[in-house]
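Engineer: Sequence:
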Amino acid sequence: MSKPASSRRLVPLVLLAAAGTSVAVAALLLKGGTTPTPAPSASSSAPTTAAPPASSASAPAPSAAAPPPLPPLRDELPEDVPAQREVLFANMKTQLGLSDEALQKTREIFAGRKWMAQGNPKITKHPMTRAECQAIREKQTFHAADARCGAPNMVTVFDPAAGQTAESAKLCMDQYEYPNIPCDYPVTWVPSDDAQRLCQAQGKRLCDAHEWEGACAGALHEPEQDYTFGERRLQQEYLHNKSREVVWAYGKTKNHALCATGSRKSPKCYAPTWQECGSNTYPAGAFPECVSSFGVYDQHGNAAEHMNLPLVATELGARGGTGENEMKGSWFIFQQYEAHEDDCRWRAPAWHAGRLMADDAHMNYHLGFRCCKDLHESSTRP
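Numbering of the sequence shown is given in our numbering, commencing with residue 20 and proceeding in unit increments.
Please keep in mind that the hints were generated in silico from the structure rather than gathered at the bench. Among the hints, erroneous ones may be present.
[Unchecked claim] Restraint-style ranges between C-beta atoms, simulated for each label pair: (1) 244 x 393: 17 to 23 Å; (2) 381 x 101: 22 to 28 Å; (3) 374 x 97: 30 to 36 Å; (4) 127 x 338: 23 to 29 Å; (5) 290 x 253: 23 to 29 Å; (6) 357 x 261: 18 to 24 Å; (7) 118 x 253: 40 to 46 Å; (8) 286 x 132: 24 to 30 Å; (9) 374 x 146: 30 to 36 Å.
Here a beta-carbon is modelled for each residue, glycine too, at the ideal position from N, C-alpha and C.
Could you put together the complete structure from these sequences and hints?
Structural biologist: The structure is reproduced here in structure tokens:
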């Protein structure tokens, strides 16, 4: 794994000093929400944290004694879904500092689905362990979370070309695929309606298509620039793709080797079935260079991601609406095989299209999600 570009500016960690923030959550924000890693050997160096772009740098918060480190990330791979979920919930509690109420809501949503977890444990073959991911991150530079977001492992997303900065940003996005824990595996077999509910359990929502695209490309456009509201979905997608900027999170030249594209489908996975298709995902954040300028990881490779696709302005997530579902990110994108376009702003045809909150919304072994959070003026200051 090559090191990230040396042009990234490094800054020391600072302590969140927000009123009402618990010690546990403050500790997570201080550490950028990162999972703890094994103590480095005498020959290894301590991890450093990359700041957001210069235009989004924040004023340092008051310094204070560092809080205790987070408990270790559980790394076992149980052989059944209920036990797999218990490991997941335990990691969400210790690494994200979820309240008992939020965790209970999360449990209830999972209980309504037979398969929703981190892949069929009987056949899933993860190409990297959590511990291997942690060892990589221990030696690499990574982007810190933004304390303005008020939650671990989230960063602000905005449009630098329009004069916007992190201080004026109105949107935060999870840095990692849900559960938004570095070095844990993405949750799959989740339909879009439950993805929305899981985000809401943490005071967030599913991201809109243009928000995900902007976080990937390094510039969040106004909705009117990215949608032709009122047109049919296929016409909107055609017009958008025809004029889109072609860029990847890591730069202007496609390089699948920088991202989690080294996995393969299960040998008998000819149709998307639970019995034959393992999720075979990498731990989130295992590829330090597969990151956008804002600090959002794995928007290429690994799991695909549910989006909200608004067809009219009232369906925008920031306005409290929901539209149709759309898949973003990479599915069936491997170093050996490329099933579709993979750049940040490409929109897929209406595959598995339907209403976001439909009871029969699409789910699959390669399909996960990440969450977004709206910021208001009073919540954008640390």
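Engineer: Given a hinted range of 17 to 23 Å, is it respected by the beta-carbon distance of residue 244 and residue 393?
Structural biologist: holds, 19 Å
Engineer: Look at the Cβ atoms of residue 374 and residue 97 and judge whether their distance stays inside 30 to 36 Å.
Structural biologist: holds, 34 Å
Engineer: Between residue 381 and residue 101, is the Cβ distance one that fits in 22 to 28 Å?
Structural biologist: holds, 24 Å
Engineer: Does the beta carbon distance between residue 290 and residue 253 stay inside 23 to 29 Å, or does it fall outside?
Structural biologist: holds, 25 Å
Engineer: Could you tell me whether the CB distance from residue 118 to residue 253 stays inside 40 to 46 Å?
Structural biologist: holds, 42 Å
Engineer: At the C-beta level, are residue 357 and residue 261 separated by a distance inside 18 to 24 Å?
Structural biologist: The hint (18 to 24 Å, Cβ to Cβ) holds, given that residue 357 and residue 261 are roughly 20 Å apart.
Engineer: How does the Cβ-Cβ distance of residue 127 and residue 338 compare with 23 to 29 Å: does it lie in that range?
Structural biologist: holds, 27 Å
Engineer: Per the hint of 30 to 36 Å, is the separation of the Cβ atoms of residue 374 and residue 146 within bounds?
Structural biologist: At roughly 35 Å between Cβ atoms, residue 146 and residue 374 fall inside 30 to 36 Å, so the hint holds.
Engineer: Please check whether residue 286 and residue 132 have a Cβ separation lying inside 24 to 30 Å.
Structural biologist: holds, 26 Å
Of the numbered hints given earlier, the model fails none.
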